[in-house]
Amino acid sequence: MVEQPVQVISNERDTDAYFRLVLRAPEIARATQPGQFLHLRIPPLRDALLRRPFSIFQANGETVSILYKTIGKGTDMLARMGAGEELSAIGPLGHGFTVPARGGETPLLVAGGYGMAAMYLLAERSPQKGIVFVGGRRRVDILCEAEFRKLGWDVRVATEDGSYGEKGLVTQPLLAEIQNPKSKAESARPAKQIQNPKLFACGPTPMLKAVAKIAEEHKLAAEISMDEHMCCGVGVCLTCVIPVKTASGWEYQRTCTEGPVFDSREVVWEVAK
Amino acid sequence: MNLSVSIGKLTLQNPVMVASGTFGYGVEYSRLLDLNQLGAVVVKGIRLGPVRGNPTPRTAEVTSGMLNAIGLQGPGVDGFVEKYWPFLKSLRVPSIINIWGTTVEEYAEVARRFDAVGGVGALELNVSCPNIKEGGAQFGTDPKLLARVVAACRKATTLPLITKLSPNVTSVVPYALAAEAEGSDALSITNSFPAMAIDIETRRPKLANVTGGLTGPCIKPIAIKLVWDARRAVKIPIIGMGGIQSAADAIEFFLAGANAVAIGTANFYEPQTALAVIAGIQDYLQCHNITDIRELTGAVRLS
Ligand SMILES: Cc1cc2nc3c(=O)[nH]c(=O)nc-3n(C[C@H](O)[C@H](O)[C@H](O)COP(=O)(O)OP(=O)(O)OC[C@H]3O[C@@H](n4cnc5c(N)ncnc54)[C@H](O)[C@@H]3O)c2cc1C
Ligand SMILES: Cc1cc2nc3c(=O)[nH]c(=O)nc-3n(C[C@H](O)[C@H](O)[C@H](O)COP(=O)(O)O)c2cc1C
Ligand code: FES
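Same order as they appear, the protein sequences are chains B and D. For the first sequence, the residue numbers in the working numbering are 1 to 273. For the second sequence, the residue numbers in the working numbering are 1 to 303.
Here chain B stands alone, though its shape is the one from the complex:
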């Protein structure tokens, strides 16, 4: 973990309200594990003081990149920054995904919206290629599909409005695959039984909850990345907590340090919002 000024190399629109920001940050790039995040201070924000957390999408030698959606003052301002400008980054932060061992589990990734960004490095570093299930409201919410295909992964898309892929929630194709692996006959590649599947998910909390339920019902392990509001990003303020089971009940744990990735069985979903 370091705090350092990082320079914008490029900052380009991806689809609709989504942008890709590439930053020069060699130390952070070298240390990054899949599922970790950056905490960015956007200097032109002045009276909005706090840093904003973003999953590290790619980490290549000297650079790290993020994939972000403009939803408010910080991300709007970020979208206006250009090559050569500087911002301050703390990272890499958080406890990320467990990369499966060679010959170990085959990942089934489940992503909603910018959750795709958090999963790319896991796909890149996993010795077994798996399937990524990606969902969104509309076609424009389906991000970086091409990157996953380039890695040789099978990508299954669902959109709520049916504008792309299957119509409905991302958990539908996931369930279909788990219940009947041969159901992908219509997809390009020949059907094969997934060996030793393990779920990994990142997206809105209702989606994570649904994935946790599927994992439980099918006795599958699942690692889920929680999206909680953050303030310090390093574990001191206790803003970002979620309820986690303990021997005697449950306690609030920090998504910025104990997480953002948790074993889905550890989370007390009845209490989580």
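Since the hints were derived computationally from the structure, they do not count as laboratory data. Incorrect hints may appear among the rest.
Pairs of lysine to aspartate or glutamate residues, derived as EDC-like cross-links and limited to a Cα-Cα distance of at most 16 Å, are as follows [unchecked claim]:
#: 1; chain 1: D; residue 1: Lys9; chain 2: D; residue 2: Glu105
#: 2; chain 1: D; residue 1: Lys235; chain 2: D; residue 2: Glu295
#: 3; chain 1: D; residue 1: Lys220; chain 2: B; residue 2: Asp47
#: 4; chain 1: B; residue 1: Lys73; chain 2: D; residue 2: Asp199
#: 5; chain 1: D; residue 1: Lys206; chain 2: B; residue 2: Glu228
#: 6; chain 1: D; residue 1: Lys155; chain 2: D; residue 2: Glu182
#: 7; chain 1: B; residue 1: Lys245; chain 2: B; residue 2: Glu266
#: 8; chain 1: D; residue 1: Lys155; chain 2: D; residue 2: Glu180
#: 9; chain 1: B; residue 1: Lys273; chain 2: B; residue 2: Glu228
These numbers come from a predicted model, not from an experiment.
Chain D with the ligands: place on chain B using the hints.
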């Protein structure tokens, strides 16, 4: 140039500390900055037993500040001593333990327990947390209750005692006087201000706790005035805090009457703030040919 200041029998190498609840238990920031450069580390509020804390969302950003209603989540005395004390003890700078309770007896018991731990720099009595139903603020908004808490802790420990006052009172003067009279070695001014923010789309309060404490640069002028009010009433040292993000901010607190300062919310967005403030204070003293930081305390010119 002398930067060192005293809080009771505790001597700090410089007058810049980090505020309770904004620096965890020190260890979290130890990879980003050298804690041994600080005046002192002040840890998150601790009561006798573990505390789960409030539901989320617990913080919200507001213009030039933030709201928080963490609810004093913490491991309790035993959990703290086991998990965090070994690291804090290994530092060369003192640790100040922020303590609270729901009864006068609990405050005294926590003070006694930390007295027995050995090596604690000082205790800061949090009588001013606005975010919990019992304890905290009720002791900070009744001068008689405040006097009882301070007196009970004074009996329970020989450690330096710092009383952290609530800003949520008509005048801080009676509280400052009560703390001083009962043997408090210093005052911390100020804790956060009760406040609220609402999301106009969902019409829901931005905090699950509905209300919370306002901190950050937006409170600085109010905090300066509180320090100024207290300075004219008491002789004991005052640790000034509220929105400090630069040496200039800190110097304003000294001029208003503070003997030391603490950096709070700014740690969250610029973890190096305390170190930058120390360096900036040195520059200021040098530029103004001042050889001792103590000359600045209360040195505001009124005419
Ligand atoms: C671990 C982690 C990883 C993240 N990764 C990414 C990523 O890869 N790409 C990306 O686009 N975003 C990501 N986010 C969310 C991102 O941090 C927020 O979108 C961003 O902070 C919003 O800042 P803003 O100033 O634009 O919005 P603000 O002006 O602060 O807020 C605008 C609105 O968005 C809401 N909002 C703010 N933060 C969040 C949040 N975390 N979740 C849901 N709603 C929020 C606010 O309540 C408000 O209604 C991540 C968040 C976390 C905690
Ligand atoms: C998230 C948060 C948690 C805090 N927790 C405590 C606490 O446990 N005990 C306490 O006495 N003050 C606590 N405070 C108050 C700070 O110590 C400080 O008095 C206040 O934030 C004003 O300083 P600032 O404006 O520089 O942040 C907390 C403040 C924040 C923002
Ligand atoms: S964001 Fe501060 S503890 Fe996680």
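Cross-check of the supplied hints:
1. D:Lys9 / D:Glu105: violated (25 Å)
2. D:Lys235 / D:Glu295: Cα-Cα ~15 Å, so holds.
3. D:Lys220 / B:Asp47: holds (14 Å)
4. B:Lys73 / D:Asp199: holds (15 Å)
5. D:Lys206 / B:Glu228: holds (14 Å)
6. D:Lys155 / D:Glu182: holds (10 Å)
7. B:Lys245 / B:Glu266: holds (5 Å)
8. D:Lys155 / D:Glu180: Between lysine 155 of chain D and glutamate 180 of chain D the Cα gap is close to 14 Å, so the pair holds against 16 Å.
9. B:Lys273 / B:Glu228: Holds. Lysine 273 of chain B to glutamate 228 of chain B sits at ~10 Å (cutoff 16 Å).
The structure is inconsistent with hint 1 alone, although it conforms to all the rest.
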